[in-house]
Amino acid sequence: MSLASLIQVLPATVIDGEALLDTAVASLVAGIFVTFTASLAIYGFATAAEMRRVDRDLAAIAAGALGVVSMLAFGAAIALGLAVMING
Amino acid sequence: MDGDIVLVIVIATALVFDFTNGFHDTANVVATSISTHAVSPRLAVGMAALLNFAGAFISIEVAATIASDVVDAGAITPTVIFAGLVGAIAWNLITWYFGLPSSSSHALIGGVVGAVIAAVGTAAVDGEGILGKVLIPAVLAPIVAFTIGVIAIVIAYRICWKKRPGPVARGFRMGQVVSGGLLALAHGTNDAQKTMGVITLALIANGNLPSTGFEVPTWVIVTSASAIALGTYTGGWRIIRTMGTRIIKMDSAQGFSAQGAGAATILASSHFGFPLSTTQVIAGGIMGSGAGKRVSAVRWGVAGNIVVAWFLTLPASAAIGAACYAFTSLFGDGAAGPVILSGLAIMLGLTLFAQRIRRGQPVPQV
Chain R
143 MSLASLIQVL PATVIDGEAL LDTAVASLVA GIFVTFTASL AIYGFATAAE MRRVDRDLAA
203 IAAGALGVVS MLAFGAAIAL GLAVMING
Chain E
-12 MDGDIVLVIV IATALVFDFT NGFHDTANVV ATSISTHAVS PRLAVGMAAL LNFAGAFISI
48 EVAATIASDV VDAGAITPTV IFAGLVGAIA WNLITWYFGL PSSSSHALIG GVVGAVIAAV
108 GTAAVDGEGI LGKVLIPAVL APIVAFTIGV IAIVIAYRIC WKKRPGPVAR GFRMGQVVSG
168 GLLALAHGTN DAQKTMGVIT LALIANGNLP STGFEVPTWV IVTSASAIAL GTYTGGWRII
228 RTMGTRIIKM DSAQGFSAQG AGAATILASS HFGFPLSTTQ VIAGGIMGSG AGKRVSAVRW
288 GVAGNIVVAW FLTLPASAAI GAACYAFTSL FGDGAAGPVI LSGLAIMLGL TLFAQRIRRG
348 QPVPQV
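Line order of the protein sequences matches chains R and E.
Here our numbering is used: the first residue of the first sequence is 143, the next is one more, and so on.
Here our numbering is used: the first residue of the second sequence is -12, the next is one more, and so on.
The set of hints was computed from the structure by calculation and includes no laboratory data.
Computed from a predicted model, the values in this text were never measured in an experiment.
Each hint should be verified, as a subset may be incorrect.
Taking CB as the label site, the calculated pair distances span [as the list claims (entries may be wrong)]:
{"no.": "1", "chain 1": "E", "residue 1": "327", "chain 2": "R", "residue 2": "217", "range": "53 to 61 Å"}
{"no.": "2", "chain 1": "E", "residue 1": "30", "chain 2": "R", "residue 2": "228", "range": "23 to 31 Å"}
{"no.": "3", "chain 1": "R", "residue 1": "204", "chain 2": "E", "residue 2": "206", "range": "30 to 38 Å"}
{"no.": "4", "chain 1": "R", "residue 1": "164", "chain 2": "E", "residue 2": "302", "range": "27 to 35 Å"}
{"no.": "5", "chain 1": "R", "residue 1": "167", "chain 2": "E", "residue 2": "281", "range": "54 to 62 Å"}
{"no.": "6", "chain 1": "R", "residue 1": "163", "chain 2": "E", "residue 2": "298", "range": "35 to 43 Å"}
{"no.": "7", "chain 1": "R", "residue 1": "203", "chain 2": "E", "residue 2": "281", "range": "30 to 38 Å"}
Chain E is faced by these chain R residues, among others (derived, beta-carbon under 8 Å) [what the hints assert, rightly or not]:
{"no.": "8", "residue": "162"}
{"no.": "9", "residue": "170"}
{"no.": "10", "residue": "181"}
{"no.": "11", "residue": "210"}
A virtual CB, placed ideally from N, CA and C, is assigned to each residue, including glycine.
Could you build the full structure based on these sequences and the hints that come with them?
In structure tokens, the structure reads:
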């Protein structure tokens, strides 16, 4: 049984199913997105270092750019999460 | 006059609970960072203390839930809240003594509910509020954190598995500084608010605040934030060992995934006003990041002990809360009962603490 269908069968007067579902979805999206962007940033920077060692400058720049963009996305996700929290 | 004395005792006890909450739950926040050597133990604990303090100012949704959705504020007295707090502190100290990462939040809710039942019966307990705002989120949150932990570690390994382990480990350790900070902030946001809620409830019960509407006075926010930060800085090293090394032996990618899973779940729940157990959520994230690598990597025996402690927390703290209320009522409705129980609790707590420090290993050599 999926989370959504589980929440639907719980008594509506007792459980705020929508808030619970929103919480679960927001947690999943935030947790997975943050890990994805951080992993991609690490991958980009590690690849850039490897490419520089074998003098493949263009590939190093591309991988470094991927690292920077991913890190910015990681930072933006955290900033957005905090802004949502602080502004209620 | 008696009412004011009891109120002062309640506020002091609530702040002691907040301190033990920070002390007890430090492990949740810093264990993964310490066990993967992302930061030194002292730095991790210091950073967690600062961010716990800051986190307490972010939201008051959880405090509102504690003060208005668990028990009927109009039907309880400061003495009832005091007995509930003693129940919660006692359970926190018992689980700390045995090194079990149980839930301070559920201990608090259980203690207050037990004392309310002993004082006025079940009529003042908001069963629907407890089910909808506490019990069901309590079951769902660790499952959500576990799921995020599994998915996150699979993503991290899939993306980085062909890279040299050194730079990848360093990268995730740096990421852990951020995710550990977020987790500390999330902990402060969710857990300090529980104490704010209880103090606000006591102020309402004593007639210092109106029972209609809900507003947490600024001094309550500041003192609660300070108490949890101080408790966090003092640290609960026994539980750090259990959380950091005994559930799974983790690498930095797993530590990052577990902390990210925990922080995301707690921050989202705080935003919607669900008073979660940060302990359960983070343990769920740790188990998920272990199981995502290899199911047998999780020490399921240790995980099982933790789950047993979770199930025991609400009834055990409720029973202690009820017993404390029964004891204080032996001395009448005045301040005598809370004063005597406070004295006894302080003596017992100090004895237990001294014994544990003598026998245990207060600071691990990481």
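To see whether the hints hold, each was checked on the structure:
Taking the beta carbon of each, residue 327/E and residue 217/R are about 54 Å apart, inside 53 to 61 Å as hinted. At about 26 Å, the beta-carbon gap between residue 30/E and residue 228/R stays in the expected band of 23 to 31 Å. Between residue 204/R and residue 206/E the beta carbon distance is about 55 Å. The supplied range of 30 to 38 Å is therefore violated. Distance hint check for residue 164/R and residue 302/E: the Cβ-Cβ separation is about 30 Å, which falls inside the suggested range of 27 to 35 Å.
For the hinted restraint 54 to 62 Å between residue 167/R and residue 281/E, the CB-CB distance of approximately 28 Å leaves it violated. Here the CB-CB span from residue 163/R to residue 298/E is close to 25 Å, at odds with the stated 35 to 43 Å. For the pair residue 203/R and residue 281/E, the beta carbons lie near 37 Å from each other, so the given range of 30 to 38 Å is met. Annotation: residue 162/R was flagged as interfacial toward chain E, and the flag holds, the nearest CB pair being 7 Å apart, inside 8 Å.
The interface hint given for residue 170/R holds, since its Cβ lies 6 Å from the closest Cβ of chain E, which is under the 8 Å cut-off. Interface restraint check for residue 181/R: the shortest CB-CB distance to chain E comes to about 4 Å, inside 8 Å, so the restraint holds. Against a cut-off of 8 Å between C-beta atoms, the interface hint on residue 210/R is violated, since the closest Cβ of chain E lies about 14 Å away.
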